[in-house]
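Chains A and B are the protein sequences, given in the same order.
Numbered according to the numbering used here, the first sequence spans residues 1 to 303.
Numbered according to the numbering used here, the second sequence spans residues 304 to 1002.
Calculated from the structure, these hints are not laboratory results.
Every value quoted in this text rests on a predicted model; they were computed, and no experiment measured them.
Each hint should be verified, as a subset may be incorrect.
As the list claims (entries may be wrong) - Here are the computed lysine-lysine pairs in the DSS-like style, where the Cα-Cα straight-line distance is at most 25 angstroms:
#: 1; chain 1: B; residue 1: Lys597; chain 2: A; residue 2: Lys64
#: 2; chain 1: B; residue 1: Lys742; chain 2: B; residue 2: Lys782
#: 3; chain 1: B; residue 1: Lys838; chain 2: B; residue 2: Lys975
#: 4; chain 1: B; residue 1: Lys655; chain 2: B; residue 2: Lys597
#: 5; chain 1: B; residue 1: Lys975; chain 2: B; residue 2: Lys901
#: 6; chain 1: B; residue 1: Lys782; chain 2: B; residue 2: Lys838
#: 7; chain 1: B; residue 1: Lys329; chain 2: B; residue 2: Lys407
#: 8; chain 1: B; residue 1: Lys975; chain 2: B; residue 2: Lys932
#: 9; chain 1: B; residue 1: Lys777; chain 2: B; residue 2: Lys742
#: 10; chain 1: B; residue 1: Lys408; chain 2: B; residue 2: Lys330
#: 11; chain 1: B; residue 1: Lys838; chain 2: B; residue 2: Lys890
#: 12; chain 1: B; residue 1: Lys777; chain 2: B; residue 2: Lys890
#: 13; chain 1: A; residue 1: Lys108; chain 2: B; residue 2: Lys528
#: 14; chain 1: A; residue 1: Lys108; chain 2: B; residue 2: Lys591
#: 15; chain 1: B; residue 1: Lys519; chain 2: A; residue 2: Lys108
#: 16; chain 1: B; residue 1: Lys638; chain 2: B; residue 2: Lys597
#: 17; chain 1: B; residue 1: Lys638; chain 2: A; residue 2: Lys288
#: 18; chain 1: B; residue 1: Lys645; chain 2: A; residue 2: Lys64
#: 19; chain 1: B; residue 1: Lys436; chain 2: B; residue 2: Lys528
#: 20; chain 1: A; residue 1: Lys296; chain 2: A; residue 2: Lys50
#: 21; chain 1: A; residue 1: Lys64; chain 2: B; residue 2: Lys390
Stated by the list, open to error - Derived, one-sided and incomplete: chain A residues facing chain B with beta-carbon distance under 10 angstroms:
#: 22; residue: Tyr29
#: 23; residue: Gln93
#: 24; residue: Asp111
#: 25; residue: Gly128
#: 26; residue: Asp136
#: 27; residue: His208
#: 28; residue: Ser272
Built from N, CA and C at the ideal position, the CB exists for glycine as well.
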Amino acid sequence: MSQKKSFQGLILTLQEFWAAQGCVILQPYDMEVGAGTFHPATTLRALGPKPWKAAYVQPSRRPKDGRYGENPNRLQHYYQFQVILKPNPPNLQELYLASLAAIGVDLKLHDIRFVEDDWESPTLGAWGLGWECWCDGMEVSQFTYFQQVAGFECAPVAGELTYGLERLAMYVQGVENVYDLDFNGAEGADRITYGDVFLQAEQEYSRHNFESADTTMLFRQFTDAEAACRSYLAAGAPAAEGERHRMAQPAYDQCIKASHVFNLLDARGVISVTERQSYILRVRELAKACGAAWLKTAAGGAP
Amino acid sequence: MPDLLLELRSEEIPARMQRRAAEDLKKLVTDALVARGFLYEGAKAFSTPRRLALHIAGLPARGEAVREERRGPRVGAPEAAVQGFLKGAGLTSLDQATTVTDPKKGEFYLAVIERPGRETLDVLAELLPEIVKNFPWPKSMRWGAASAEPGSLRWVRPLQSIVATFGPETESPEVVPFAVGGIAAGTVTYGHRFLAPEAIEVRRFDDYIQALERAKVILDADRRKDVILHDARDLAFARGLDLVEDEGLLEEVSGLVEWPVVLMGSFDEAFLDIPAEAIRATIRANQKCFVLRKGGSEDLAPAFILVSNLVASDGGRAITAGNERVVRARLSDAKFFWETDKAIRLEDRLPKLDSIVFHEKLGTQGERIARIAALAKDLATLVGADPALAERAARLAKADLVTEMVGEFPELQGLMGRKYAALQGEHDSVCAAIEEHYKPLGPSDRVPSDPVSIAVALADKLDTLVGFWAIDEKPTGSKDPFALRRAALGVIRLILDRGLRLRLLEQVGAADRGLAGRAGADAGDLLGFFADRLKVYLRDQGARHDLIDAVFALPGQDDLLMVVRRVEALGQFLDTEDGKNLLAGYKRAANILRIEEKKDGRAYDAPPDAALAAAGEPAERALAEALAKARETASAAVAREDFAGAMQALSTLRAPVDAFFQDVTVNAPDPKLRENRLALLNALRAATREVAEFAKIEG
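Hey, can you work out the whole structure from these sequences and the hints?
Here is the structure:
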């Protein structure tokens, strides 16, 4: 296995590719999130007039997708590689295809397709139009032109690319089971697989997510995070008309927190169908309020 | 005559929107041209995933000149009138107007306005940008740096380039000079994204379509469909397999490729344990691939057809292998669903339905199932089904909604329930009813024939209709979110196709009582809804809607089978000479009655005095006798549900009615005689009401 085709090699190649396009290469956000989009470098930076280019890996947690390490394709914790370009350059599709070529997808051999997929995140109050990107019938990325985030129109529009790293690596390596992925590209005793790194974690977290997560604590945490978000927003609010907001990001952290706690509660099956909608709405209200606050900060483009 | 070529090249347009968009483009451009007086010989629009194209042939090079005369005020009119005239006619002074003498009104001003015909090129440059800007995409978006400003161009996906040329065949055409969203129309386009990425210079439609073909783009969606279909059939045939054809999938796939390359992949035989419908749903929905049957058999083959967009340098081996991997993973999921689902009995799934809300105001799925089961049990005796089986089937009918397989593929609801029921040894009729209780879905779907299926299908639909009527969520205009029209049509088709005798009002009442605290459906209103749906259904089959109205106008018509029988008999009767004449006689009688009743301010609805009629003129006496007899016979025939017999009885009235109108003066000078003659006419009206409300019949 060449270094380049290893799981970590794939990440390094993508980072290098997007760095060359002028992106800042960020590190994962240090909180539990459901997708790379939740990283403030996407959600918040997509708002406001200021140009922004960033790329980063984001560990993503989907408690409900846990399969105790027994499903070769499904994980409750996986990696996304996220690229955000604001405004989107006119050749974003070409750049995306070039990035596939960079990680070893031969475009003369493989059938790449852009298949309609309209993206919507009810919790973030966000939507956009774009595609699922297929490689020989497999969805390997999401490609979205953000139209709205946190209930605000994106002006200008950002282009977002999300690569499903495990899937892409499985494809590049020709592996059928995610746990068989070559992680580090080393030989012999030094060889490390994805299973070596994550199988035990998948088993433990599946137990946690479905069986043991402390729901009393989680319900409390949801309420606490919601209240904290509101109070930080109030505390940082502009003292007078025309002044800036001073605490948009800490407030948004609490919104992220509430969202993840909700996902855990959902996985535990303690939220009924009707309640589900109201929880989603509560998180969305937080996201909207944080977005509004962000637009009153310097990075949000406030004068 | 010059032609227009227009191409709007964009990032990948959703497959489902392409065909409509091409038609919209054609209509918008041709309508705009026609509205400006520019006629054309022919127009055709095309679509691929990356472009909409339009060719309009035979446009004039310029529009016709227009000469218009505008009459002004008389000479010497007040200044204000003169100024108004000048302004309206676009003149600066009266020197530019002429004067004309009218023999009656004297001298007045006349402006002659001459407008030369406009260059077609200019008109196109004026109308095309507006059409692009306001294009009716179902969903559109903004993009790029321009989206920082409000009002930036919206398109389905980023618009990349515009080709717009106009000119005659013999000369080099001109570019239509316009720009939209910073994109100027020109003559450059691009072919296939991977197979021919170089720029192409185009002049007019003929060389455009050929250049695209060379650049691996088939412009015509129907041609792409043909290629896919024929190549897929040939590939299947070569391996002794049959393609399972699928028009919807074919249409979609043809919108995902510019240059279709059909390939065949295979999967492990072991997956064929999964129900064929689930295999097909998986491969179709997730992979947009076609399934295959073993030659001459109904069984699926462990192979599939995929349509790629690339002539690959390895002949498609890598593409096929990649697709096979994904199909394998999908089928593994499906197999897992199938195996897990089988481990739980359907009745053990019911508690879960108690926590799923069917509709906020109509309770949970669990409550709904209990209502349907009770209704189905009662209906069973009316439709000749075993009540216990009907109840059992109704209890299990929705259980598959919480299976993994239906969760993944909602379109398999019912079908999977039937499979799981069969595996757990349910009665054949129960298994069938679990699948068939959703039927018929629409006017051409199969109507179930097993009485148990019929009972549950009726119960399901009646509960839905009555429930939504009770909470006042009826369809309005084009909005019918709960598919209530389809449910009503389902009930109608079940009744008519299976010859069921059902008093709908009774059943509506029963369903309403089942709603307990939520009850309160307006049964009369719901019956009217059924009548409307029946009218639409029968009209589609060629029946006259006025005859349906004529029958529904009678009181108590809630037995749809009898309504239809009566309509049929009435239609046949009115096709005869006797029927036509009797209708004419009825109309005449009704007319006279209407006028006289209005004049006198009273109704003549008392029965005629037989003795008085007997003492009157012969035709009068004959009609009175005929009426009494016909009415009695018709009434008895209706009671026997012999509608043809009832019509037959009425047909005996034709001669006496004709004779009466010929020989007898209704408005006799003797008021007693007049009143009795009007009463005779009323008796005719009453006699016809035995079979239908003739007033509603047209003609």
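Going through the hints against the structure:
1. Only pairs whose Cα atoms come within 25 angstroms are accepted, and Lys597(B) paired with Lys64(A) is rejected, the gap being roughly 39 angstroms.
2. Distance hint between Lys742(B) and Lys782(B) is fulfilled; the C-alpha atoms sit about 22 angstroms from each other, no more than 25 angstroms.
3. Of the supplied pair hints, the one linking Lys838(B) and Lys975(B) is violated, its CA atoms being roughly 44 angstroms apart against a limit of 25 angstroms.
4. For the given pair, Lys655(B) sits about 39 angstroms from Lys597(B) by alpha-carbon distance, which is inconsistent with the 25 angstroms threshold.
5. Of the supplied pair hints, the one linking Lys975(B) and Lys901(B) holds, its CA atoms being roughly 18 angstroms apart against a limit of 25 angstroms.
6. A distance of roughly 19 angstroms separates the Cα atoms of Lys782(B) and Lys838(B); the hinted pair therefore holds under the 25 angstroms criterion.
7. Taken as a hint, the Lys329(B) and Lys407(B) pair is broken in the structure, with Cα atoms around 52 angstroms apart against an allowance of 25 angstroms.
8. With a CA separation close to 24 angstroms, the supplied pair Lys975(B) and Lys932(B) stays within the 25 angstroms bound.
9. With a CA separation close to 21 angstroms, the supplied pair Lys777(B) and Lys742(B) stays within the 25 angstroms bound.
10. A distance of roughly 48 angstroms separates the Cα atoms of Lys408(B) and Lys330(B); the hinted pair therefore is violated under the 25 angstroms criterion.
11. The suggested pairing of Lys838(B) with Lys890(B) holds, with an alpha-carbon distance near 24 angstroms, which does not exceed 25 angstroms.
12. Between Lys777(B) and Lys890(B) the CA atoms are separated by roughly 37 angstroms; this puts the pair beyond 25 angstroms, and the hint is violated.
13. About 24 angstroms separates the Cα atoms of Lys108(A) and Lys528(B), which keeps this hinted pair within 25 angstroms; it holds.
14. For the hint pairing Lys108(A) with Lys591(B), the CA-to-CA distance comes to about 22 angstroms; that is within 25 angstroms, so the pair holds.
15. Pair hint Lys519(B) plus Lys108(A) holds up; C-alpha atoms about 14 angstroms apart against a cutoff of 25 angstroms.
16. For the hint pairing Lys638(B) with Lys597(B), the CA-to-CA distance comes to about 21 angstroms; that is within 25 angstroms, so the pair holds.
17. Among the hinted pairs, Lys638(B) with Lys288(A) is inconsistent with the structure: their alpha-carbon atoms are about 42 angstroms apart, more than 25 angstroms.
18. For the hint pairing Lys645(B) with Lys64(A), the CA-to-CA distance comes to about 22 angstroms; that is within 25 angstroms, so the pair holds.
19. Distance hint between Lys436(B) and Lys528(B) is unfulfilled; the C-alpha atoms sit about 30 angstroms from each other, more than 25 angstroms.
20. Only pairs whose Cα atoms come within 25 angstroms are accepted, and Lys296(A) paired with Lys50(A) is accepted, the gap being roughly 13 angstroms.
21. Between Lys64(A) and Lys390(B) the alpha-carbon distance is near 74 angstroms, which puts this suggested pair outside the 25 angstroms criterion.
22. Among the interface hints, the one on Tyr29(A) is violated; its C-beta lies about 26 angstroms from the nearest C-beta in chain B, farther than the 10 angstroms criterion.
23. Interface restraint check: Gln93(A) against chain B, minimum CB-CB distance 6 angstroms, threshold 10 angstroms, status holds.
24. A distance limit of 10 angstroms between C-beta atoms decides the matter here; for Asp111(A) the minimum to chain B is near 4 angstroms, and the interface restraint holds.
25. For Gly128(A), the suggested interface contact is upheld, since its CB lies about 7 angstroms from the closest CB of chain B, less than 10 angstroms.
26. Checking Asp136(A) against chain B by beta carbon gives a least distance of about 3 angstroms; that is within 10 angstroms, so the hint holds.
27. About 22 angstroms separates the beta-carbon of His208(A) from the nearest beta-carbon of chain B, more than 10 angstroms, and the hint is not met.
28. Checking Ser272(A) against chain B: minimum C-beta separation of about 6 angstroms stays under 10 angstroms; hint holds.
Violation of the numbered hints given earlier is confined to hints 1, 3, 4, 7, 10, 12, 17, 19, 21, 22, 27; the remaining hints are satisfied by the structure.
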